[in-house]
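Quick note, the sequences are listed as chains A and B, same order.
At position 15 of the first sequence (counting the first as 1) the number is 15 in UniProt numbering, and the numbers step up by one without a gap.
At position 45 of the second sequence (counting the first as 1) the number is 45 in UniProt numbering, and the numbers step up by one without a gap.
No wet-lab data here; the hints were simulated from the structure.
Please note that a few of the clues may not be correct.
As the list claims (entries may be wrong) - Chain B stretches covered by chain A per the calculated footprint, using a threshold of three residues with CB under 8 Å from any CB of chain A: (1) 105-111; (2) 130-136.
Said to hold, decoys possible - Going by beta-carbon spacing under 7 Å, a handful of chain B positions derived as facing chain A: (3) I40; (4) T41; (5) V63; (6) Q70; (7) R72; (8) L99.
Ideal Cβ positions, reconstructed from N, Cα and C, are used throughout, including at glycine.
Chain residues, written in single-letter form:
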Amino acid sequence: MLITRVLCSRTPNADGFWKRRRVFKLTAHYYGRKRNCYSIAIRYLHRALVYVRKSRKLKKRDAVELWQQRISAGCRELGSSYEALVRGMARCQIALDRKTLANLAIWEPRTFKSLTHIAAAKLQREPIKGLNDFSPPPAGVITRGML
Amino acid sequence: MLRSAASNNFEGTKLNASQPTSVKPQQEVLENQQESEIAITKETIEKVNSQIELNSHGRLFAVIHLAGKQRRVTDGDLIMIEGAHPADVGDVIRAEKVLLLGSRDFTLIGRPLLRPDLVRVEVTVVEKSLTHTKTVFRNRRRKNTRSINFCRSHFSIMRINCVRLEGLVDQRPEIEGVDGRVF
Numbered sequence: 001m002l003i004t005r006v007l008c009s010r011t012p013n014a015d016g017f018w019k020r021r022r023v024f025k026l027t028a029h030y031y032g033r034k035r036n037c038y039s040i041a042i043r044y045l046h047r048a049l050v051y052v053r054k055s056r057k058l059k060k061r062d063a064v065e066l067w068q069q070r071i072s073a074g075c076r077e078l079g080s081s082y083e084a085l086v087r088g089m090a091r092c093q094i095a096l097d098r099k100t101l102a103n104l105a106i107w108e109p110r111t112f113k114s115l116t117h118i119a120a121a122k123l124q125r126e127p128i129k130g131l132n133d134f135s136p137p138p139a140g141v142i143t144r145g146m147l
Numbered sequence: 001m002l003r004s005a006a007s008n009n010f011e012g013t014k015l016n017a018s019q020p021t022s023v024k025p026q027q028e029v030l031e032n033q034q035e036s037e038i039a040i041t042k043e044t045i046e047k048v049n050s051q052i053e054l055n056s057h058g059r060l061f062a063v064i065h066l067a068g069k070q071r072r073v074t075d076g077d078l079i080m081i082e083g084a085h086p087a088d089v090g091d092v093i094r095a096e097k098v099l100l101l102g103s104r105d106f107t108l109i110g111r112p113l114l115r116p117d118l119v120r121v122e123v124t125v126v127e128k129s130l131t132h133t134k135t136v137f138r139n140r141r142r143k144n145t146r147s148i149n150f151c152r153s154h155f156s157i158m159r160i161n162c163v164r165l166e167g168l169v170d171q172r173p174e175i176e177g178v179d180g181r182v183f
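Work out the full structure, taking the sequences as your base and the hints as a guide.
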């Protein structure tokens with residue numbers, strides 16, 4: 001009888017230790033049995049890794065939402081609105097994106113103010129229904145019909 | 001221009017030409033503002049140009065469009081570009097798509113871009129490397145299907161050498177769009 005083969009089958013798998021260790025390293029910060037019991041830990045780890053993949057996309061989507069909120073807050077402070085700014089700028093062929101606009105609203109308020117004025121002046125010239133709520137109309141904007 | 005508001009007051013009533021009316025016609029004179037507007041424009045442009053000539057505008061910032069994204073940059077900034085980029089380390093690139101240029105006293109806004117002979121933004125590639133390892137793990141619950149992949153993407157780090165004004169505002173050359181081209 002081949003005793004060694006029998007004994008070999010009874011010893012625990014050497015690779016198993018390293019496999020588990022790899023998982024436990026990732027679950028080290030969990031609470032309770034999901035930290036140290038392999039069968040529970042692996043379940044929670046799988047779920048966490050799926051969230052990691054999915055949230056890489058959500059992060060970008062959330063950033064866009066945040067920029068929109070910041071722009072609309074900056075616009076409302078000046079009596080304008082997000083829609084009026086974006087559509088007025090599009091008609092003026094100014095191609096600044098939302099990330100930049102949010103940045104300008106925070107760090108370059110005078111540039112941002114002039115952008116809202118340009119957009120409002122354009123909308124006064126070519127009105128869009130429901131968007132000409134800029135009150136009072138921007139003073140001191142000289143376009144000479146070239147906007 | 002003369003605008004008469006008198007006609008509105010008598011709307012709906014019959015006017016008798018022989019009967020003298022006590023109400024005087026209301027008129028207001030609107031000044032032709034075109035000349036004053038041109039004067040203000042000229043003055044503003046002169047002020048901007050004098051600042052450019054004397055180099056007294058201070059530090060400038062620009063919004064550039066580089067590698068598919070807009071970035072607000074100024075002198076000495078480090079920017080990170082995600083994904084593969086053809087330039088090698090040490091290369092100096094000129095960012096030609098400048099959407100906006102701002103200083104302490106004035107802002108130049110491109111529609112959509114500023115003239116290439118007006119603004120110069122130079123960039124040096126400092127580092128090219130790979131990002132940290134990202135785990136791409138897919139799992140379908142209760143279906144016994146899962147896969148795990150690891151990926152590292154390229155990125156390059158660039159230093160903004162200079163953001164500077166090279167030309168004057170409102171002074172366009174006779175032939176445009178040919179500078180830097182070889183015929």
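Original post:
Does I40/B pass the interface check with chain A, least Cβ-Cβ distance below 7 Å?
Top reply: holds (6 Å)
Subject >> Within 8 Å of chain A's CB atoms, at least three CB atoms from the stretch 130-136 of chain B: coverage verdict >> reply: holds (count 3)
Original post:
Does R72/B meet its interface restraint, that is, does its C-beta lie within less than 7 Å of any C-beta in chain A?
Top reply: holds (5 Å)
Original post:
Does the nearest C-beta of chain A fall within a distance shorter than 7 Å of the C-beta of L99/B?
Top reply: holds (6 Å)
Subject >> Given hint T41/B near chain A, where the shortest CB pair must fall under 7 Å >> reply: Cβ of T41/B sits 6 Å from chain A, so the hint holds.
**OP:** Please verify that hint: V63/B, Cβ, nearest Cβ of chain A, below 7 Å or not.
**Re:** It holds, given that the least Cβ distance between V63/B and chain A is near 5 Å, below 7 Å.
Subject >> chain A contact restraint on Q70/B - CB to CB distance below 7 Å >> reply: holds (5 Å)
Original post:
In terms of beta carbon proximity below 8 Å, does the stretch 105-111 of chain B have 3 or more residues touching chain A?
Top reply: holds (count 4)
Taken one by one, the earlier hints all hold for this structure without exception.
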